[in-house]
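J.: The primary structure of each chain is shown beneath.
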Amino acid sequence: MKKSHYQMFWALAIAIPLLLFFSESALPQQARTLILGAYTVPKEAYQQEIIPAFQKYWLEKTGQSVKFEESYVASGAQARAIISGFEADVAALSLEGDLAKVAEAGLINHDWRARATKGMVTQSVVAIGYRTGNPKGIKDWEDLTQPGVEVIYPNPKTSGGAMWCVNAIYGAGLKLSEAKTGKQDLVFAAKLLHDIQKNVKVMDKSGRESVTTFERGVGDAIVTYENEALLRQFEGVEFPFVVPRATILIENPVAVVDRNVDKHGTRDLAEAFVEFCLTEAAQRSFAKFGLRPVLPNIAEEFKAKFPRPEMLFDMSYLGGWTGVEKTIYGPEGVWTKAVENIATGK
Amino acid sequence: MVRSAVKTIAFRRLPSGDALIKTAVFSYIGLIVILPLLTISMQALGQGFSKIWEDVTQPQAWYALRLTFISAVAMALLNAVTGTAMAWVLVRHDFPGKPIVNSLIDLPFALPTNVTGLMLVVLYGPVSWLGKYLKIHGIEIIYAQPGIILALLFVTFPFVVRSVQPVLMELDKDIEEAASTLGASRFTTFRRVVLPHLMPSILTGVALAFSRALGEFGSVVVVAGNIPMKTQVAPVFIYGEIESYNPRGALAVSLVLLLSSLLILILLNRLQHWGRERGT
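Heads up: the protein sequence lines correspond to chains A and B, in order. Residue 391 in the numbering used here sits at position 262 of the first sequence; the count goes up by one each step and never skips. Residue 165 in the numbering used here sits at position 161 of the second sequence; the count goes up by one each step and never skips.
Here chain B stands alone, though its shape is the one from the complex (with noise of 0.2 Å):
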């Protein structure tokens, strides 16, 4: 009997297991995500408002950021396009290779953003085959802009595929061949009744897509050419800034792009909750 109190006594003032792991993950995440972000707001506010304007709006800065939003915007309708496309090929579809096909989405992920940026210099620099026959026809991949999107493309081309994969795997056929008795085609099927299920994740996708298109370096930097005001964008020179030692210049701008992937993501988080209200 003794024994039965002394247990109840004891557990009573242990916290319980959900509010332990609770405080578990909060403050996890509250170290590696929340705190470094925090501290660099904390450190690019403190200059105050008419100091970051300034550093943002000099012309390298402006022309930077701009370059590297434009460059995001476009990377990410094609990969909206081209990665649902790609998951509905492998949902749907069967061919001799797709597991490693499969396997190969995922590549992007594993491999170092330099060796990506080597790899498409190489593969269409003005020196390769490929670039000076393109370069003959007045197209210029490497160290222009078009490479930028070939970069970012090639990092963030798992975001919208692996959003889609699982959705599209689990949607019901039989609403498709409802739809399909009911007249429709195949066209209006998808548009109508299949991409208003997708919508969602594609949004996903995209915005993760972007977020990271923001910020990514280590492909662009190899493969842009990084001519202040043509073909240098954000993160490169944030970068420069830092090792010139401005890290004003460099904060204001780092605090556009967090800014920016914020928003992105609470904007498409939202629209995802609308969609998903709306009972589709």
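Chain A on its own, in the form it takes in the complex (with noise of 0.2 Å):
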């Protein structure tokens, strides 16, 4: 090749790359980001039904087309996982005491309580599922006590959500012996929830393991969240459930993460996904999933489909997530002490 050709060559080569970068970044940018960080419950829910649905809004209201990137892990791991840098743009958490921590680290500065519907986006409660056909009888939380009836659910050690599960039975047990003799009675509860651990064989990481163990068919009934069951009817599963008549209602947190959003430049993104997941077609997409919404009007709608339990409590009435940190979990917590006095036989 002659010398000018070379030369011509390596101009080009250089030049080519050189102005398609820059060009790239003179063009108008027509896509945003928007990173959420959930837990694994309202994954298919997000997928697909909210996010696609906010996608064409955002592009019809704003021209602009919004990607997303999503990771949907257990709520606890999460939490964990935004305060050591991952850069969630929004959390969507299973409950509040893991976005308390969120904030505690500094990542949300603003009082995320203080929105309507006190933060919350979808609701839930605890549930027990059995076997078809229901041969052991289950009916509520006294039967999962009795010999021979194999209980699995989740560790509440492992899994922020599988607390839930281990408040529903104690507050039940609260809640059951303050409607018969007008007065809480902690030791009728700590019983309760004794005699149900002593049933319990398996304890997975998550409530997600917990059912794929159930469905292998392991244990005669698994104590879960109604929303578990109802999408896993969805899907097509036999999956049949009873909601106790003293169960605890679920309530899951959504908020804007200020640092990530800031450092983003996407708060306008994430404030108008966050007010989009409490939208009538949003709610509507979170219930087909199985998630009691939260919207007054559309929880009226869907009526029948999540009766009201008639003895329902929330983590207030347990003393909120650091109540029970001390009060369930704690080195003399009701939980401790019952997994301690079944192993040395009491």
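FYI, nobody ran anything at the bench for these hints, they're computed from the structure. Bear in mind the structure is a predicted one, so any value in this text is a computation, not a measurement. Hints may be right or wrong, so weigh each one.
Listed below are the simulated BS3-like cross-link pairs for lysine-lysine, each with C-alpha atoms no more than 30 Å apart in a straight line [said to hold, decoys possible]:
#1 A/268 <-> B/102
#2 A/327 <-> B/136
#3 A/265 <-> B/139
#4 B/139 <-> A/330
#5 A/327 <-> B/234
#6 A/247 <-> A/185
#7 A/265 <-> B/26
With the hints in hand, could you dock these two chains into one complex?
T.: What follows is the structure in structure tokens.
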């Protein structure tokens, strides 16, 4: 090749990539990215309906296309990930306690609880799943204490979401004794928890894994969330369940992560997305996938699908997340003691 | 002449190839192995001994450690026997499909540990025909301690076999034949001539298997049931403590596992050294 051809070749080889690189950023930015850090349960609801609906809504409203980057892991793990640097713009977690930890770490500096619906986006209740035909006659918590009934639920130590199950049992004990005698009987509630825990042979790392174990044929009853059971039914799997008379209200929060949205410049997007999750259409999508809507009129619409338990209570009945950290899961906590007593044969 | 002078000066300034390699290797080990271990030890020890003791003697932690150690010991003893036997068969015997069997030995290394766990649950679990049959006879494997030992045995299976195999292959048959001509039975030959030779490699394999078993998580967490103070091993306990925002408890128990593994490895290293010095 002639010397001048060589020079031309190298000139083009350097110039073209440079041109492309700079022209890319010279073009008006049409696509934006929103990062969602969520827990595992609402994954189908988000991926199949809510996110596509939001993308359509935002495109029509602003002409911008939004790309979503999502992560779905156990709530506690997600909270820890966000705290240690996963730059989620929106955090949708299973329990208030996990979101509070994210806020404590300095990532959220607005009062997310002050939003409409107390910062919650969906609800559920703790329910008991049983085998087809209900051979063991599971109807309520007491049936799980019977000898010969194998119960499974996730380990509250490895899954924040699993704490709902144990909280539900203990709280139900308190509620039931209160209904009978007018006063909360802590001993009765502790005994209920003890007797059910005694029948537990497998504790998986998370609620989802418990469902998998149950579906594999282990156990006669599973303490799980109503939305897990409904989702499986929606997916065509037989999953009969009963909502006990006394059970806990699971409330799932969502919030904009201030530090990350300010860094990415996506505050408008994130806030719009959170608001979108509280629109009627999104709430209907959640309901379709088994999650109870928080908007009162949509909840009314789905009243038949989501009956209200007669003795429903929430975390405040148990002293909040900081309360149960000590009274149920602390070194002298009810659950810790139950486990120790069972192991030492008391 | 000038060129050779420059060459000598230049090369004298450069570190020798030996020193370079040594530095590189030590930096590598330091970065990949020693630094993380030091960090975790410093963090754990930074809490103070009384806190560590408190965390370790808490009933759930103590039981988890006990279960882990007992299971690891039981598995190590089993593995010592079965691993040696397997190595013996592979080296001294020929059978159809031997190369395949030989490659299968390494399968546990390749399999992800939770797949191992799943495999065991599907085969021996309470819903499988084998599991149901055993349950009728009162034997529970999955979601009970035997399942833990089984999972540990599977994942550490290659250690003893691969440790013993090369030594066995190098063993000069002359010694055994000599013993035989002197009137020793096959068993006596094995016990007094071959076994002492193999002991160092068996111990190495056992040490590796034991240390690995102390920390095994992926397969055990699927197979064990993880009931605290019943079927919860130390690694699962540590995981639970981390997940419930109690890194202090997790660090304390991790430290115990770390020190135990280190101790075992040093001890067995010494044993081997001593064995070699005896000139067996």
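J.: Now look at each hint and say whether the structure bears it out.
T.: Taking the hints in turn, this is what the structure says about them:
Taking the CA atoms of residue 268 of chain A and residue 102 of chain B, the gap is about 57 Å. The hint is violated against a cut of 30 Å. For the proposed pair residue 327 of chain A and residue 136 of chain B, the alpha carbon gap of about 22 Å is at most 30 Å, so the pair holds. Pair hint residue 265 of chain A plus residue 139 of chain B holds up; C-alpha atoms about 20 Å apart against a cutoff of 30 Å. In summary, the hint linking residue 139 of chain B to residue 330 of chain A is supported, as the alpha carbons are separated by about 14 Å, within the 30 Å threshold.
In summary, the hint linking residue 327 of chain A to residue 234 of chain B is supported, as the alpha carbons are separated by about 11 Å, within the 30 Å threshold. Of the supplied pair hints, the one linking residue 247 of chain A and residue 185 of chain A holds, its CA atoms being roughly 27 Å apart against a limit of 30 Å. A threshold of 30 Å between alpha carbons decides the hint, and for residue 265 of chain A with residue 26 of chain B the separation of about 68 Å lies outside it, so the pair is violated.
Hints 1, 7 from the earlier list are contradicted by this structure; the remaining hints agree with it.
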